[in-house]
Amino acid sequence: AQSVTQPDIHITVSEGASLELRCNYSYGATPYLFWYVQSPGQGLQLLLKYFSGDTLVQGIKGFEAEFKRSQSSFNLRKPSVHWSDAAEYFCARNSGYSTLTFGKGTMLLVSP
Amino acid sequence: EAQVTQNPRYLITVTGKKLTVTCSQNMNHEYMSWYRQDPGLGLRQIYYSMNVEVTDKGDVPEGYKVSRKEKRNFPLILESPSPNQTSLYFCASKDSHNEQFFGPGTRLTVL
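Respectively, the protein sequence lines represent chains A and B. Sequential numbering from 1 applies to the first sequence in the working numbering. Sequential numbering from 1001 applies to the second sequence in the working numbering.
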């Protein structure tokens, strides 16, 4: 079965520092890859997606992610974190025709 | 406004009392699905539907039923809820570009 791994359960970053959240997906045909953010008590919001083409994709709220086939990775980055970025982040890929498989999430804590 | 709606948003019930969580989308999407979210486990798919009258099991279908009688609605049915079905549930629909749109979630507690 296809899988998505987010190795970090929690990450703490100082406000203003750069951020990288890791995501690895199981090998398969070129995947559709997504990053979602979930603020406390809220639903899921799509940050960005990769389907094909340019391997560096830009998303909302200043986030970007880079698809690296050789490493089976799709890491999320932001150059300067704001306190409002504190949330849980989920990486996901499609599996088969329509199923979306999620990683277990990374909780981002932002320290002053 | 394009959206996925779920009702109720919060529900506390008792073991064995049948319940239905409704889901509706106004984007004319053919594909809809249900997920449950549990701490440390991320989101896991319960059921999905590729079109009207077509449904299939996801990763964790046990204890759940769904129906898809019309394109816009995809209710989740728990015939006999148990405490291990206490969770946060999300409905989603998917467009032709493979992007999923999620509802606001339903927090269910089964006592």
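A few of these clues could be false.
[Claimed, not checked] Examples of chain B residues toward chain A, derived with CB under 8 Å:
#	residue
1	Ala1002
2	Asn1007
3	Tyr1010
4	Gly1040
5	Leu1041
6	Leu1043
7	Gln1045
8	Tyr1064
9	Gly1103
10	Gly1105
Just so you know, these hints were derived from the structure itself, not from any lab. C-beta atoms are modelled at their ideal positions from N, C-alpha and C, and glycine is treated no differently.
Violated hints - listed by number, lowest first: 1, 2, 3, 8
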